[in-house]
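Trainee: On the provided structure of chain A, position chain B as indicated by the hints.
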Amino acid sequence: MLHPSLNPHLLSPHVEKIPTRNGYGDGLLELGESNPHVMVLTGDLAESTRVLAFWKKYPERFIECGIAEQNMMGVSAGLALAGKIPFVSSYAVFVPGRTWDQTRVSVCYSKTNVKIAGAHSGISVGPDGATHQALEDLAIMRVLPNMTVIVPCDAEETRKCTLAVAKFVGPCYFRFAREKTPVITTKETPFEIGKALIVREGADVTIAGCGPLLHEALLAADLLARDGIEAEVLNFHTLKPFDHIALEASVRKTKGVVTIEEHQVTGGLAGAVAESLGRHFPVPMESIGMQDSFGESGEPDELLTTYGMRAKDVIEAVKKVISRKQNKGR
Amino acid sequence: MTMRPYGDLQCYTPFMLTDLRLRELELAANQIRQDIITSLLAAKSGHSAGPLGMADVFTALYFEIAKITPETREAADRDRVVLSNAHICPVLYSTLANRGYFPREELTTLRKLGSRLQGHSSNHFWPEVPIETCGGPLAQGISQAVGMAIASRSNFQQNEKDKGTRPTWHTWCLMGDGELNEGQCWEAFMLAGKLNLNELTIFIDRNNIQIDGFTEDIMPLEPLADKFKAFNWSVIEINGHDIQSVVAATELAKSTYENPTVIICHTIPGKGVSFMQNRFEWHGKPPNAEEGQIALRELRTLAGQIKSEHE
Chain A
24 MLHPSLNPHL
34 LSPHVEKIPT
44 RNGYGDGLLE
54 LGESNPHVMV
64 LTGDLAESTR
74 VLAFWKKYPE
84 RFIECGIAEQ
94 NMMGVSAGLA
104 LAGKIPFVSS
114 YAVFVPGRTW
124 DQTRVSVCYS
134 KTNVKIAGAH
144 SGISVGPDGA
154 THQALEDLAI
164 MRVLPNMTVI
174 VPCDAEETRK
184 CTLAVAKFVG
194 PCYFRFAREK
204 TPVITTKETP
214 FEIGKALIVR
224 EGADVTIAGC
234 GPLLHEALLA
244 ADLLARDGIE
254 AEVLNFHTLK
264 PFDHIALEAS
274 VRKTKGVVTI
284 EEHQVTGGLA
294 GAVAESLGRH
304 FPVPMESIGM
314 QDSFGESGEP
324 DELLTTYGMR
334 AKDVIEAVKK
344 VISRKQNKGR
Chain B
262 MTMRPYGDLQ
272 CYTPFMLTDL
282 RLRELELAAN
292 QIRQDIITSL
302 LAAKSGHSAG
312 PLGMADVFTA
322 LYFEIAKITP
332 ETREAADRDR
342 VVLSNAHICP
352 VLYSTLANRG
362 YFPREELTTL
372 RKLGSRLQGH
382 SSNHFWPEVP
392 IETCGGPLAQ
402 GISQAVGMAI
412 ASRSNFQQNE
422 KDKGTRPTWH
432 TWCLMGDGEL
442 NEGQCWEAFM
452 LAGKLNLNEL
462 TIFIDRNNIQ
472 IDGFTEDIMP
482 LEPLADKFKA
492 FNWSVIEING
502 HDIQSVVAAT
512 ELAKSTYENP
522 TVIICHTIPG
532 KGVSFMQNRF
542 EWHGKPPNAE
552 EGQIALRELR
562 TLAGQIKSEH
572 E
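So the sequences go chain by chain: A and B. By the count of the working numbering, the first sequence reaches residue 353 at its end, each step adding exactly one. By the count of the working numbering, the second sequence reaches residue 572 at its end, each step adding exactly one.
Among the hints, erroneous ones may be present.
[To be verified] With a cut-off of at most 20 angstroms between alpha-carbon atoms, the simulated DMTMM-like pairs for lysine to aspartate or glutamate come out as follows:
| # | chain 1 | residue 1 | chain 2 | residue 2 |
| --- | --- | --- | --- | --- |
| 1 | B | 422 | A | 56 |
| 2 | A | 80 | B | 423 |
| 3 | B | 455 | A | 83 |
| 4 | A | 80 | B | 421 |
| 5 | A | 79 | B | 423 |
| 6 | A | 134 | B | 335 |
In short, the hints are calculated from the structure, not lab data. Since we're looking at a predicted model, the values are computed, not measured.
Just chain A, same shape as in the assembly (with noise of 0.2 angstroms):
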């Protein structure tokens, strides 16, 4: 039922946790040996967005921007320009938040080949509070012409993200966040840009989940297998290019679908599965996620149960879609 390449111990309370911006700094340290375009600039966020080692071994491919956000942008398109496949690291809040207008213009009109890295996205950053929890990032990339979306839900899948981007030609833009999260993928789970994995087989209703949150919904998934409702679970790593056919395959079988995702329900992931259910194959569906509020500060488990993100939230969801598929969608 889920996927043979998953970590076998997914589901154990003591499943190993590992946060996925390790997995940048990782991917970012294979590329500085095997791609010598890749530069990679931070703004004053070495360390905590993992790119210090890097910035270590490679000195003459990395530059420290300072506290300046919109110029680290401009100058990321500039080094694409001449070639370069520059990595912008920073916190999501500041970019793409602060930068929408330079990744519009210089990255996205212009074609350049830059890929964007958000750091300590989604509310579980924290303690930090509602300032620096990117909640709005991907309704802001996904709109934007040209660009490439890219949500890993662990460690190792945002290793193979960031190596999957410097080869992918256009703009990107991707998240991973700062706490320990569960490790779901092995290096065998397959990750391609604009495809998304059925993670586990079901027939009963679809979850489609992206980022660390994928680990609730297949929490939830095996919680609700007990009460004989068989899940299907998706992860929609990439959220653009949006994998239609993968949404509507699933939907076709089993008329409903929740979403999951640590961002805002609109504009999301859950605007994405919105508007390709639209215009594919309409069916009932439920969001989990932000309904339109900012965070506040908190431990990371806190927030997730108080702004309703956990496998039990999404039990809940499915149960609501599955009666309504029953009274046809009412």
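Mentor: Leaving out everything else, chain B in the frame of chain A:
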């Protein structure tokens, strides 16, 4: 280099153009101004004052200074030219056409549907229209120019390490003075200053106007040269209509190895057309048909000094 000319180029012996070459460039600049008016007349919208004011600098840059020609427009080691205040793109288009990059007839397609000459300059038609990047929102060009200069330096440093043959180049960026209101400009200047980025030279069109009025009324910039010096830049101030000075200043800039150079070009907005000169009202509008004909006649006859012109 110990000389830091500031406000006075008399203190060193500049590189001198021959009289013949200077004459060629001055004639080209005049033709470029006429073509700016012609393209604006056809477009019926666009900016007049800035493009006319920068015609001499653009002529010097594209005909004499920058290491790029129509034949070498795709060369990996070509000099990079970035127009940061992209609303003055009519002067860029007119200069490129007169330099032979694309047909002059195309200038009348400015701002029209399907044209390669967009309202703000775009890189989507490279290399036929050899524009490095898209511009419009002010300050974005200077950051990209800083990136291009850093890329050249990084190539140089990697070559030193592994005896490679990666290309290197000089980066030239053109900016407006009103543009300097944008905070992003100063972020870019700070980074270039920190890196002693001598691979970069910028021209600032110091014409003292912006859309709403005179720069010193809208958002004062002075003492501008001192601001740049405080940011670790070399500063040269010139008369932006004296092509000889433009060329000499860039020779000095390229031989300055300690830091990036800013060439503050004092210009007259609307230069060459009497009723546009120094009038901020002409920042963002084109001439109408009648004004256009007067402007073209003034440019052809050097404001009536050439008497042999008969309509």
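Trainee: None of the hints should be skipped; say for each whether it holds.
Mentor: Structure-based check of each hint:
{"no.": "1", "hint": "B:422 x A:56", "in the structure": "holds (15 angstroms)"}
{"no.": "2", "hint": "A:80 x B:423", "in the structure": "holds (16 angstroms)"}
{"no.": "3", "hint": "B:455 x A:83", "in the structure": "holds (15 angstroms)"}
{"no.": "4", "hint": "A:80 x B:421", "in the structure": "holds (17 angstroms)"}
{"no.": "5", "hint": "A:79 x B:423", "in the structure": "holds (18 angstroms)"}
{"no.": "6", "hint": "A:134 x B:335", "in the structure": "holds (17 angstroms)"}
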